[in-house]
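Build out the structure end to end from the sequences listed, making use of the hints.
There are 2 protein chains.
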Amino acid sequence: MISVQEALDLILAQSFPQENEEVDLLDAMGGVLAEPVKADRDAPPFHRVTMDGIAIHSNALKENSSFKIENIQSAGKAQQSLINSENCIEVMTGAVLPKNTDCVVPYEQITLADGVAFLDSNEHVPYQNVHLSGTDAKTGDTLLTKGQSITPAIIGTLASVGISRIRVHKLPKIAICSTGDELVDLDQEPEIHQIRKSNAYMLHAALLDFGIKPNVFHLRDDKEEMMDELATLVKDYQILLFSGAVSKGKYDYLPMVLQELGMNKIIHGVAQRPGKPFLFGVLPNSMIFGFPGNPASTFVCFHTYFKPWLRQYLGLPGRKYTAVLDQDISFKKPLTYHLLVTLSIKEGSILASPLKSSGSGDLVHLAHADAVISLPLEREMFHAGEIFPLNPLGKNLL
Amino acid sequence: MISVQEALDLILAQSFPQENEEVDLLDAMGGVLAEPVKADRDAPPFHRVTMDGIAIHSNALKENSSFKIENIQSAGKAQQSLINSENCIEVMTGAVLPKNTDCVVPYEQITLADGVAFLDSNEHVPYQNVHLSGTDAKTGDTLLTKGQSITPAIIGTLASVGISRIRVHKLPKIAICSTGDELVDLDQEPEIHQIRKSNAYMLHAALLDFGIKPNVFHLRDDKEEMMDELATLVKDYQILLFSGAVSKGKYDYLPMVLQELGMNKIIHGVAQRPGKPFLFGVLPNSMIFGFPGNPASTFVCFHTYFKPWLRQYLGLPGRKYTAVLDQDISFKKPLTYHLLVTLSIKEGSILASPLKSSGSGDLVHLAHADAVISLPLEREMFHAGEIFPLNPLGKNLL
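Quick note, the sequences are listed as chains A and B, same order. Numbered according to the numbering used here, the first sequence spans residues 174 to 571. Numbered according to the numbering used here, the second sequence spans residues 174 to 571.
Everything labelled a hint here was simulated from the structure, so no lab data went into it. There's no promise every hint is true.
Identical chains share a label here; the pair holds if one copy fits it or two copies do between them.
As a list, the in silico BS3-like pairs of lysine-lysine whose alpha-carbon atoms are at most 25 Å apart [stated by the list, open to error]:
# : residue 1 : residue 2
1 : K519      : K480
2 : K272      : K480
3 : K519      : K568
4 : K343      : K423
Now the structure itself:
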């Protein structure tokens with residue numbers, strides 16, 4: 174059996190054609206930039222007043238501590254000129270610094286009386302309270318690069334350069350397929366030997382978190398039926414996420430059927446718990462992630478294998494997070510142990526507290542987990558205070 | 174001027190009627206549970222087989238190491254019974270453990286020939302590879318509590334108990350109002366003394382991240398017009414977020430107009446940078462968050478004051494994150510300094526690296542910030558390795 178890292182390397186080595194699409198600015202929120210963005214003007218585009226007060230020429234400070242107000246320069250008005258360098262112009266935050274001035278003294282440091290501003294002190298320097306044109310960027314500078322995750326501040330930056338439509342990496346078209354004759358849907362009352370579908374909903378919600386709207390199917394434990402349905406799905410979808418039917422059971426037809434449909438099986442079995450029977454393969458136009466059907470197995474494999482692949486596909490950088498284990502743990506099998514944990518932050522450190530769980534079929538405790546930490550297969554004892562790789566069970570950490 | 178903590182305490186002390194609504198299961202993703210959720214059956218509902226293999230009665234192991242296969246118990250089928258306790262039943266993962274059996278031996282540990290299973294060893298114990306009924310929860314147990322943030326695993330849990338509609342805390346109805354005559358919208362080419370609206374887009378995107386779809390307005394620097402428009406908005410919206418017009422400028426009519434409309438001004442000015450002129454007030458049916466108009470001021474105040482209020486309103490727990498400053502910083506004003514940083518995780522610690530920014534008007538650098546760390550006003554020097562409060566500039570951390 175291969176290791177977790179070997180499995181991940183095999184998955185990330187698969188190339189897959191990436192597409193872009195142009196979307197409205199606000200629809201790009203949470204997406205990934207598919208093109209760099211340049212400044213169309215200097216930022217700021219003019220010498221910009223940053224405090225409400227008066228603008229003077231600093232040369233006048235040598236002999237003068239009171240300034241007659243010539244005019245008002247408000248934000249959004251064309252630049253005015255100071256006519257007499259002994260005078261001043263009242264200025265508002267966001268306004269253009271008036272011509273023939275180079276210094277803004279805020280209202281807090283002056284007294285106004287009869288159209289004259291009296292300075293509390295003459296200790297002012299050129300260009301104080303002025304945000305100089307081009308300080309943050311010059312026209313043509315690259316402000317944002319391809320592959321940046323689009324946050325609210327990036328939406329603001331795009332707006333500031335006048336972009337109302339933007340190219341983003343297109344999200345893949347995904348089918349979720351649950352399997353297993355023991356599953357019933359939410360509108361049915363389960364018999365004693367049946368359980369309700371939960372993995373398909375969990376995966377659906379996890380994809381929504383990434384902005385992906387999947388289609389959801391259910392495959393019965395019937396080889397012919399599975400073959401018919403999958404023959405269409407592998408043509409219609411770029412990614413197929415399966416839950417269940419990948420193990421050694423008599424009715425685990427999935428790997429066989431997919432191979433008959435042309436799948437190149439790249440991974441089947443990883444030295445890990447949960448998720449040992451994980452299946453990964455490629456077809457000419459689609460990729461297969463076959464997650465073992467227990468809830469924790471499905472969800473841990475989704476975050477361990479699918480999420481890094483999706484991030485790479487979208488052009489996002491890889492992530493290497495770590496956390497501090499907060500209690501001793503022993504695990505004696507030669508498997509990487511993906512331990513379910515809750516996270517907290519204490520004194521700048523990320524602490525991982527193991528959840529008491531009954532195993533991979535335990536959805537109840539999975540719902541309380543923030544992340545997994547991956548304990549290496551070479552060891553059996555893991556001590557409080559040691560640092561291990563961390564994978565949040567969400568799009569982001571906490 | 175009051176401190177950041179005093180301002181936050183004043184805001185969080187404001188009570189505001191909370192509402193619930195019932196939504197479809199998948200629409201609840203990212204929301205907050207408004208009701209506890211109980212188990213409608215034991216979890217698992219039956220003794221559940223966790224490996225593909227054979228089920229035997231462990232008593233037979235004393236004398237027997239080969240077992241004739243009587244039957245197959247597949248997942249989703251009603252429980253079978255082992256007739257002869259010397260025999261076995263083939264069982265599949267997810268199936269009910271057959272009657273008169275108590276032990277599952279996986280295929281990996283047996284050899285099958287002519288309808289008989291030969292055990293590699295007799296070292297098996299009762300209830301191995303069986304997930305016992307009710308281990309994770311008993312019927313009636315509280316699985317999820319009011320106020321939990323709805324994650325994919327919680328969607329899975331809700332599905333598992335048959336919930337297709339769920340009560341969540343209703344998101345508030347929010348208006349974003351940008352102000353300032355220097356601003357033009359994206360479809361206009363700005364004059365040299367004008368800039369494009371960016372804060373309204375940034376706030377809009379930030380609210381979308383919380384699942385809130387705000388309405389956006391622009392108020393001109395005209396007192397009468399502002400009065401007319403706001404008279405309606407304070408009746409129609411629960412929360413009004415303003416960007417700009419809260420400082421000492423001649424045309425910063427906003428605080429005055431809001432007070433004339435009946436606002437109880439609770440905060441105007443906080444000992445912080447950026448965001449010193451921050452305004453907060455309440456009207457009979459609405460709350461006012463007046464963010465100073467520079468991009469960093471607006472966005473830092475949104476995350477410092479509005480986000481904790483929103484989390485409290487939705488019933489989410491307060492958060493106290495911290496990070497390790499990774500270089501020396503000096504800041505000599507008696508103000509809390511909200512320092513823009515990028516974050517990285519090294520050896521389980523969250524490292525905060527200060528961004529070189531030209532100040533609160535600098536949108537270009539704000540777009541690269543992951544978070545702010547808040548440096549206390551009592552001090553002037555802050556050293557690498559020290560730990561300070563951390564506030565991510567997003568819904569989540571990283």
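To see whether the hints hold, each was checked on the structure:
| no. | hint | in the structure |
| --- | --- | --- |
| 1 | K519 x K480 | between (27 Å within a copy, 21 Å between copies) |
| 2 | K272 x K480 | neither (55 Å within a copy, 41 Å between copies) |
| 3 | K519 x K568 | both (22 Å within a copy, 20 Å between copies) |
| 4 | K343 x K423 | neither (39 Å within a copy, 47 Å between copies) |
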